[in-house]
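Here the protein sequences line up with chains A and W, keeping their order. Here the first sequence stands for residues 1 to 358, numbered as in full-length UniProt numbering. Here the second sequence stands for residues 1 to 669, numbered as in full-length UniProt numbering.
Keep in mind the hints are simulated off the structure, nothing from the lab. Any given hint could be a false lead.
[Unchecked claim] Among the chain A residues that face chain W by a calculated CB cut under 8 angstroms, a handful are: (1) GLY72; (2) ASP216; (3) PRO325.
Glycine residues also receive a C-beta, built at the ideal position from the N, C-alpha and C atoms.
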Amino acid sequence: MKKQFVPFLAGLALLAACDPKAAEIVPVPEPAPTTGVFVLSEGRFGAGDGAVSIFDKASKTLNVDAFGSANGGAKLGDVVQSMGVQGNRGYIVVNASNKIEVVTLPDFKTAGTINGLDQPRYFTSTSATRGYVTEWRGPFTGYLPGVLSILDLSTNAVIRSVPVGRNPEQLLALGGKIYVPNSLDNTVTIVDEASAAVSSTVTLSDGPSSMVADKDGNVWVLCSGFVTYLSTPPFTATRVSNGALIRFSPNSPATQFKLTFPATGGPSKLRINPAKDQLYYAFGGAEYQMSTAATALPTTPFIRRSFSGFAIDPRDNTVFAAVAPSFSTNGRFIRYQATGVAIDSFEVKVGPNGFVFY
Amino acid sequence: MHFFNFGRAAWRRGLLWALLAGPGVAVGQQVPGPAAAPPDSARLSQRQHRLSEVQVRAVGPERFAVGSRRFELDSAVLAQYRGGNLADVLQARTPLILKNYGPGQLATIALRGTSAQHTAVLWNGLNIMLPTLGQNDFALLPVGTNTRVSIQPGPAAALYGSGAVGGAVLLNNDPDWRPGSRGSAQFDAGSFGLLGGSLEARTTTPTVAVRVAASYREAQNNYSYVLREARGPVRYTLQNAALRHQWSISPDVAWRVGTAGEVTAAAWLTDADREIQSGVNVAGSEARERDQSRRLVLGYRHLAARQQWAVRGAWFEDIINYRDRGTPSNSRVRTTQAQAEHTSALGARGSLRLGAEAQHFAALVGGYGSETITENRAAAFALLRYDPRPGLRLSANLRQAVLPAGLAPLTPTVGLEWDLLPAPIDTLTNSPTHQLTAKASAARSYRAPTLNERYWLPGGNPSLRPESGFGSEAGLRHRLSWGRRTTLETELTAFRQDVDDWVQWLPTAGTGIWSPRNLRQVRSQGLEASTALRRRQGHYTGSAQMAYHFTDTRKTQGSTADSDPVGVQLAFVPQHQASFATDHRWRDWLVSGTFVFTSFRYTSASGTDFLPGTGLLGATVGRTLHGPAGTSLLVLVQAANLLNQAYDSYPGRPAPPRTVGGSLRLSWN
């Protein structure tokens, strides 16, 4: 009677061979240096499946996990936050893994790991040996003032950490200074590159989170404003402070030109075009475009859609916009012409949040 | 010995007929009772209630779930896993789908491909699903607490109320009226810092039966795993995954009042302190969680020949305190429940149960703000069982719930069982005899929105509709016997389960605030096949059981706001699950083997990333040594993942390698 179990066991063996083919390890030829776009996907928190995909504009092909396929299937880590480029090196900031993975470009082969970080957010560099990364401190329920860590890129080590404000975000290196927006405060910390010390702290509006420099050498800071929620029914959200777009000259940061957003939302993700005369930001579920010469905020959106990442390709002004519908589904990126007309879209991993052009 | 009671295999034949086909099919039937209760493996779903000369059986709700599949974890199996939790035993022994974050970590069930919130868990007839989350963590339910664990997948479970869309898991402590005192104490130790112990003691007089079960468990879970990094494979030791302690104490007492009354009181107190394992790529998590549940139930039951009635009141308190470096996130929910039901005979062939229940929740949850949120729910039901002739059994039920946002969908259930080949009358022959039964059932079901879905700040959606399900199943049950010693029982069931208004949390356009909405339709369909061979001869009893489940669960329709693709197998629902288990007892020896196969499962809704298939082998060897004065010592050695397979139980959560454990159990009579 027990013989009838044999086909069952054979069936099990068959089923075991049924896993889908692992698609990610198939090597894809690296694109020519001038046609590659790196698409960053955070991945799902805890799953360790963040990735950088390489999109080749010429062939419209996508290598979904460039780091994994170049490094024997190694995982990049948990929450791929951002990436910076210095020469032929890429610096991938992996937030929840508390590290920066260093890769050679464009092949994405490992060139070391920068450890000793805590909640790293954004990277920039001023030379082949000098890098900077913003880091948060403290738990989400009570953040503490963060730091700007100064990195020796020849040894991939942290040289020192300069205290800044709470939740420092997208930093900007300009004219021998590092500008650090403290997104849980209302300040930008300015660190002097030569002395590696804070030279001044400028007060702006609540929630400065991203910054760019325009063609005239001015600094633009986007402040998101703050929101709190009523702790009793009906739990409505209350805007404590409105967002603001602020411009100042590096020579006189205290003298500021300020455009205030309506209370209907919080602006985010300030970007600038390659000519450095058009600003882009997200506000109220849409993307807006504004001239650096404008004296008022635009009222008509550039693209009426909410994006989790947005960038303009300096080589041809193509707009790349990321869509992360939820953290249970793969995301997409959409390419737009400089006029805002959609071209095409491609599926990437969960939670795409940014683009790097190389 | 037997670990599943597939259908009614283990029922004693005579009793089977008395119950199902006999003329006294109505409730409270009087059967001249044997002096002793049947052995564990033959424990009936109908409880034995011995009055002076006759037995009057309390009618369990399962009597009204005709035509559906139902299986029971045998007490002999529960005894083998007594130190573990319900997730451990279900994963080792059944082809049921559990989503598991690691040993002792959150483990939830996906019956027939539905979500964790679609399986109702009832303890002594009362829903113990956490009202905040609308689900249960099966790692927090120690096996030793309950004397009977049964699983009722599929539509017929709708008679258990909210949440029973995919099915229900029923935990019961039945009073044992065998006179005398007996008990056992057990000590467990195993790999990776596992230590535990448990105690069970009973004493019974003609009018009072008392039982106490208690258990303790801790585990370091400091096993090693290999992470593939850019510099090559690196071996790490798992961090922050310890089970610091897990207590469970459950006293219960049954007291006979007069000739027909029975008062029962039971408590179940659990307390677990766990480190919460984060994904292994997440650095430096220090998350801890304290889960405490206090459950008290008081009931009175009146059993007469032609009618029965029962009332029950219960009070639960569930505490979840979580912290990860920052300010703790605390929650405390108090649930008060009352139930009343009356069952009466309808002629000689039918019975009708009418009942009602009410629940009151008071939740003080950090995520809801600083005030206590209260909510009331109520339901009324009518359950009808009618057997027009001995070989044909029918049931039809109706349940209507009232929720704060209005009426839940009316949930009817119908079921049918028809003996195509009735059991032969002469059971003494040794030539093979066949018994074949066709069965079918269909039901509507619902799930009330959870407190989190309604009140979470921000995003809670008070206008959320209940999810509604429609399910049906049909199948065949075949039993082949060679005399009374050998049986082969096979069951084949095909099912389909549709869930509409499936709730999904998604970011709200504009604000980006995550909020639950009724967004999608999901269809789950599949096959469940099982076969069990049992043999008993002389000093030997043994069995071999195989089961295979095919589960195809896909979103069939969704709103535009819901980005998950249509037509892709849902994440964490493997299409193929199969289990094989074999148990053998000879004289004082016990040998068991288990193998569970799980096919690959997607880890996101997109159907691109997946966890590969696994095959897990386990084994148990035991020997009983007899001591003086009715004492005995059982020495048990148990191993899991014998093939030492390296796999992730969840993305970023490596599962334990091969583990070995031992138990010593001292029993007295």
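Which numbered hints turn out to be false for this structure? 2
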